[in-house]
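Chemist: Spelled out from the first residue to the last, the chains are:
There are 2 protein chains.
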Amino acid sequence: MARTAGIVVIGDEILSGKFADENAAFLIRELRQLGVDLRRITVIPDELDDIADTVARFAARFDLVFTSGGVGPTHDDVTIAGIAQGFGVAVHRHPELEAKVRGYWGAALADANLRLADVPEGAELVYGSDPTWPVPAFRNIYILPGVPALFRRKFAAIADRFRAAPITIARVFASADEGVLAPSLDAVVAAFADVKLGSYPRFDEREFKVILTLEGHDAARVSAAWAALVERLGALVVKTEAPAAAG
Amino acid sequence: MARTAGIVVIGDEILSGKFADENAAFLIRELRQLGVDLRRITVIPDELDDIADTVARFAARFDLVFTSGGVGPTHDDVTIAGIAQGFGVAVHRHPELEAKVRGYWGAALADANLRLADVPEGAELVYGSDPTWPVPAFRNIYILPGVPALFRRKFAAIADRFRAAPITIARVFASADEGVLAPSLDAVVAAFADVKLGSYPRFDEREFKVILTLEGHDAARVSAAWAALVERLGALVVKTEAPAAAG
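Quick note, the sequences are listed as chains A and B, same order.
Add 105 to a position in the first sequence, counting from 1, and you land on the number used in my numbering.
Add 105 to a position in the second sequence, counting from 1, and you land on the number used in my numbering.
Errors might be hidden in some of the hints.
Which copy? The list can't say, so a pair holds if one copy fits it or any two copies do.
[Claimed, not checked] Derived pair list, reagent style DSS-like, types lysine-lysine, alpha-carbon separation capped at 25 Å:
id: 1; residue 1: 205; residue 2: 344
id: 2; residue 1: 123; residue 2: 205
id: 3; residue 1: 344; residue 2: 314
id: 4; residue 1: 123; residue 2: 344
id: 5; residue 1: 314; residue 2: 205
id: 6; residue 1: 314; residue 2: 123
Think of the hints as simulated: they come from the structure by calculation, not from any bench.
As the structure is a computational prediction, the values presented were derived from the model and not from experiment.
Can you build the whole structure from these sequences, using the hints too?
Modeler: Set out below in structure tokens:
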């Protein structure tokens, strides 16, 4: 089964260049290995209306949505409120999370920390392989923290539930300009509509001018498209990489 | 004058992890130095309808829009057609670009290369500091190539026209949890609505627990907010960085 996904990165700090994105870059690789088709990444500010609108669109469009950031006890942590607004539900203090927050901070608990127990009403808690702290999921939206070490740990705990049909990829390195290759590529695309053919010119390589990639969930079709492309390009092929699992 | 911007990265190759994004990361830094407020980055597939819809939304919402990728002679280069569709105009072969394409390839010209002379009807050509090859601009959308070396070179040639009021940033490093800091942050946010206050917990530092940033286009207001925050946090301040030009 093919599954689609979208990533919403909530963070002024990324847009302003104060921190480089690590979470989308990490999730690109993880989803690829899981066989999930990532269809969109959007980085937006810490703003309620924008979060509400963006997550509602993503949730309607993709099978899986992952948010990064904007969860925490301070004024700029508005992801939970944004998701709630996007679906017209209230923000709800989850008793199970509240118990965890109180247990974690003990006597040092500040009032603001209790915001970490808030979820959009109707959210479920997904523990995966980590019994200590769950990931809140509202409908098909998995709500992950922005701090990269936490983001990675939490995603790793729940990753297995997203596994889909693996992606197969093959590569062909060609010695001609894209303009020369174009008619051959068009012919392969027409014959193999279910195989994605990418064409990437490179100007800093001596050995080849263009990297061509063929990929899809059906390994046999990727193999057939690869064979057809190699045959069509003939002497323009510098080297090839046979179909293999992506990731 | 404050100016807003959005970046649309068009590229299956980024979403699938075949290549890491370099262009958005580069543009984040450049726009910051120019004083432009980057408000959104979206990475989408090489798909006509998605490009059309996305660029139309961005163009209506931000002062400046930059697209990366999807320009070239092959089947997966559909950015020009996507922008044209988004605004209900035709794709037009620009005579000035066509002359450049023919001059560049000479006798080696493949038919497909002429697609590099196509623009959405009504686009203008922006040369900036590079007389050899212009950047097509349609309304407020600047159309840049996906190959990172070209993207950087072309943006550098036209960057000066985007210069806006510089951004000033100050930093405060605090020794307490975000939950403890939250009430103080709320007070500063309430008093300085025009200064953006960011709060970023870090779990791998010994010296401090949270990095706080204050930034805005009005240096005097950033300074005042910084002084107010430092005073309010008192002994929780480990170190500070005085207001300075961002970038």
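Chemist: Determine for every hint whether it applies to the structure shown.
Modeler: Hints and how they fare:
{"no.": "1", "hint": "205 - 344", "in the structure": "neither (56 Å within a copy, 32 Å between copies)"}
{"no.": "2", "hint": "123 - 205", "in the structure": "neither (31 Å within a copy, 40 Å between copies)"}
{"no.": "3", "hint": "344 - 314", "in the structure": "within (12 Å within a copy, 51 Å between copies)"}
{"no.": "4", "hint": "123 - 344", "in the structure": "between (41 Å within a copy, 18 Å between copies)"}
{"no.": "5", "hint": "314 - 205", "in the structure": "between (56 Å within a copy, 21 Å between copies)"}
{"no.": "6", "hint": "314 - 123", "in the structure": "between (36 Å within a copy, 17 Å between copies)"}
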